[in-house]
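Undergrad: Note that the protein sequences, when read in sequence, are chains A and B. Sequence positions in the first sequence follow my numbering and run 64 to 933. Sequence positions in the second sequence follow my numbering and run -18 to 123.
One or more of the hints may lead you astray.
Unchecked claim - Calculated from the model, a selection of chain B residues having no Cβ within reach of chain A, i.e. all distances over 10 angstroms:
(1) Asn(-10)
(2) Arg(-9)
(3) Tyr43
(4) Ala44
(5) Tyr75
(6) Asn78
(7) Glu103
(8) Asp117
Claimed, not checked - Below 30 angstroms or equal to it, Euclidean Cα-Cα: the simulated BS3-like pairs (lysine-lysine) are:
(9) A:Lys79 with B:Lys9
(10) B:Lys109 with A:Lys836
(11) B:Lys18 with A:Lys73
(12) A:Lys870 with A:Lys911
Source of the hints: derived by calculation from the structure; they are not laboratory data. Beta carbons: idealized from backbone N, C-alpha and C, even for Gly.
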Amino acid sequence: MSAKLRDLIKTVRSCKTAAEERAQIAKESAAIRTAMKEEDVEARQRNVAKLLYIHMLGYPTQFGQMECLKLTVSPSYSDKRIGYLGLMLLLDEKQEVLLLATNCIRSDLLNPNQFIVSVALCAFGNICSTAMARVVTPEVENLLKSTNPYIRKKAALCAIRILRKAPDLIENYIKATALLFERNHGVLLTGLTLLIEICEMDPSQIFKFKKVVPQLVRLLRSLVSSGYLPEHDISGVTDPFLQVKILRLMRILGQNDPEASDAMNDILAQVATNTESSKNVGNAILYECVQTIMSIESENGLKVMAINILGRFLLNRDNNIRYVALNTLSRVVNTDIQAVQRHRNTIVECLKDPDVSIRCRALDLIYSLVTEQNIRVLVRELLNFLLISDAQFKSELVAKLCIVTEKYAPSKRWQIDTILRVMSIAGSFIPDEVPSNLIQLISSTPELSSYAVQKLYLALSSDITQQPLTQVGLWCIGEYGDLLVADKSQLPKDEDGLSLNVNESQVLDIIDAVFKNSTTTQVTRQYSLTSLAKLSSRFSQNTLPRIKSMIDIYKKNINLELQQRACEYSTLFDFEQKSSILDRMPPIEKQEESPHIGNQKNIPTQTPPTQNQSLVQSNNNSSNNNNSLIGSLLDDLNSPSVPQQNGGYNQQQQQQQQNSPISLLEDIFGPPLVLQNNNNNNNNSNNNNPYGQAKSNPVTPAGGSSLIDIMGDLSLGSNNNTQHQSQSQHSSPLPLTQSLSPSTPSPMMPVPAPMQLPAFQKHGLSITYEISKPQANNLSLTSINMVISNSNSSAVTDLSIQAAVPKYLKIQLLPPSSTTVPPNNDSEVTQSCKVLKSADKPIILRLKIDFKLNGQVVTELADTPLPSQF
Amino acid sequence: MIHFILVQNRQGKTRLSKWYTPYDDIEKRKLSHEIHKIVNSRESKFTNFVEFRTHRIIYRRYAGLFFSMCVDPTDNELFSLEAIHLFVEVLDAYFGNVCELDLVFNFYKVYAIIDEVFLAGELMEPSKQIVLQRMDFLDNLP
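Turn these sequences into a full structure, and let the hints steer you where they fit.
TA: As structure tokens, then:
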């Protein structure tokens, strides 16, 4: 490389501003381009070198690609060297220009000069594409038998690259076992890597390698017992890299094979005891050795030894070692939980580490260590830790705490206590379903309701800023307000100070304080109003004026939802039958496990909340039409429990829904409501009397939820004329529920919630649509992300998906993230497409899927209609 | 397997990048930027491992340079850390007390060295001496 490159680097480095640097680079690029045009062969090498520097700085250099190709075909080694370097830096397997290099690489692999072969191998190994792999594989197979160890080791790694690109060629490389009988460490290392790769890619090949087990044992023994070898010594250990790879292959070969495992026992014990553990290299070997011992059918004594090594790791001062120990322990926790339990205290200590990597690992491990026996101790530790942890970590910790509490709670009382404590420490990090689960728990445990409401009252009297806690508290106070003031025997003795003297006005004081607190959200205010309405029938008559006056304040509130509630409640007080409406809620039945536990199938269900039915049933007795509306109002009391009703959705979606209550409720009520809702916005504003609305209930479109069906029935019973007016003049419970999220202005047309839809499943290949509306203001545009996974044991290659749509749709299909889908659902390939519709008709896609599986070409056609809300 | 190797200084300038998995240029720039942000913010006594998307970053700081490697989460972390160290030792021996400027001015040699140590995302040569001998030999070729 001439001084000219050096000069360029110097000039660029001396530039004081980015603009100056850009100018300098532009000048140089222009010069290089001119030289290229003039076919200046002399300067070609230097120009490419300069281009590479420019590329490293991040400037465009595509124009140099051909120049690199020209250098690679030059006969001179130094030209080839820089040409291949350029090829590796400027191109990758996705670029078509690379195909032009295939022939050049092939002929260079046959070159008698070993240096030329080696640069070609190197470039091939780093950037080869699937097409190239198939063409060049015979040459690489030959080079594996080359007499030069330097070429053999490169060929072995190139073979890995070939197999990653074209897994069906595996059979061609089974003979690579010969590489394990070499003396050269580089060849041994790369040979082992190749065998490991083959085994991981296709486990059915493993049995073919069983015969190398004795050789592996021999190799490892000679490494462990060899004296000082200056060439391979790293901090006193002989070739730790090779040892780790041998142990790794042993792990694969010994799995579920008692015979092979038996042959390894001795040497594993030897490695575990003799390896020096003061340096990183020694620990790398020990770490691999422990993993091997734990996965193969090793002797029990050996397993105990392995866990003890991990225990020692945990006490190590080096954080890296502790990290791998925690990592391994969480992997082996299922095989031997007792042994891991012994290190519990040390693991809990790791929660206090300043490094988030360690803390996360420790938390994961503790999470899997929790059992019914130790939950009290561990949760106490976690709660202590929650007090001091930082915000980033809190949310994860809170989620885990809630899950274990729900799963292993020794008693319901303990569970209520714990969740309350979590909420009062870190209320804002609570997953959305936790408050509703807690309400469900309290309402289904009548014997504890009095206890719970007193605890909550105490919690509220010390802190009303944690919204989820306040909401649950207000719900309970509303429901069980009478128990709160009457029953004083529930709380433990040591907490009695405050509780003994709860009277009605103190309770109202708290609600007043919630109203006045500036951090109170609109949702919490809604809870407060409903709570007040309920209390009006629980408390003595002399509190009624105060309750009325508190509610009256909201009659003029700017928030429509609050205003409507306030108006309706205050009118409710004038009715004689109100007490039956404000009766205690029947116990809320739990429909399923908490959403984050267990696997959920992707079947959208639209089960209406059961409590709605029970409530409305009780209102059925009332002939008064207005009461039915009130019934629906009170449904809002249940709103926190709505997320758990929403059973069938998978977790990801659940989270999205929880983030936006609007879309969540839409899902429950079903798409047909969209139209009505649209009209509502206009109507509500000029209709101040909510009862006026109630008289004209809409005809429920088919497919709507049964809640609305019931409402529809009720109103039909009282007024038969309403049917025809439904589209223009109407009301439904929807506006109430909709404004549950006051921060979001209600959109003219709600955006359908994103959802997943299994679209295609055949030959082990499955395609799932992730459908969403990317733009809220442009509902004709739908974005579909196809997630393709492969459950076969071999990879699907040459995948191509084409899509056809009816005339009223326009489709744009982007290229897939890969044309190869790895086997065993290892990872997924995604391909996204956008659909624009010009008519309000359902979206339907016809897919043509082409792929190769086990060398066979498969073509499939599939029609995939999308749900109507899209 | 190693997905990529990055050598960056404390200001986030990339001195060397080797990609064994194809990413487009925008993605490469984004990855380099994100990784610099992660490794630069970590204290010295923290672990050298950071979970990153679905992979793991193994990094090590030598004076003002961060050597980062993105590996599969199933790989032996300590092994990767040692591999970084091996690479740095080779650089150090080759340039004789290597500094950042050596890497800037001789970037093509650094690439040659990295190709002697790693290939196709795997460690190729475990012995420092053998790599150095080889480099010597190559430098003296016509």
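Undergrad: Run every hint past the structure and note whether it holds.
TA: The hints, checked one at a time:
1. Asn(-10): holds (13 angstroms)
2. Arg(-9): holds (17 angstroms)
3. Tyr43: holds (15 angstroms)
4. Ala44: Its Cβ never comes within 10 angstroms of chain A, the nearest being 19 angstroms, so this holds.
5. Tyr75: holds (16 angstroms)
6. Asn78: Holds: least Cβ distance 20 angstroms, greater than 10 angstroms.
7. Glu103: Given that some Cβ of chain A is not farther than 10 angstroms from that of B:Glu103, nearest at about 5 angstroms, it is violated.
8. Asp117: Fine: 13 angstroms to the nearest Cβ keeps B:Asp117 off the interface.
9. A:Lys79 with B:Lys9: Roughly 26 angstroms between the alpha carbons, so the hint for A:Lys79 and B:Lys9 holds.
10. B:Lys109 with A:Lys836: With Cα atoms ~56 angstroms apart, B:Lys109 and A:Lys836 exceed 30 angstroms; violated.
11. B:Lys18 with A:Lys73: Given that 30 angstroms is the threshold and the Cα spacing comes to 28 angstroms, the pair holds.
12. A:Lys870 with A:Lys911: Holds, at about 17 angstroms.
Violation of the numbered hints given earlier is confined to hints 7 and 10; the remaining hints are satisfied by the structure.
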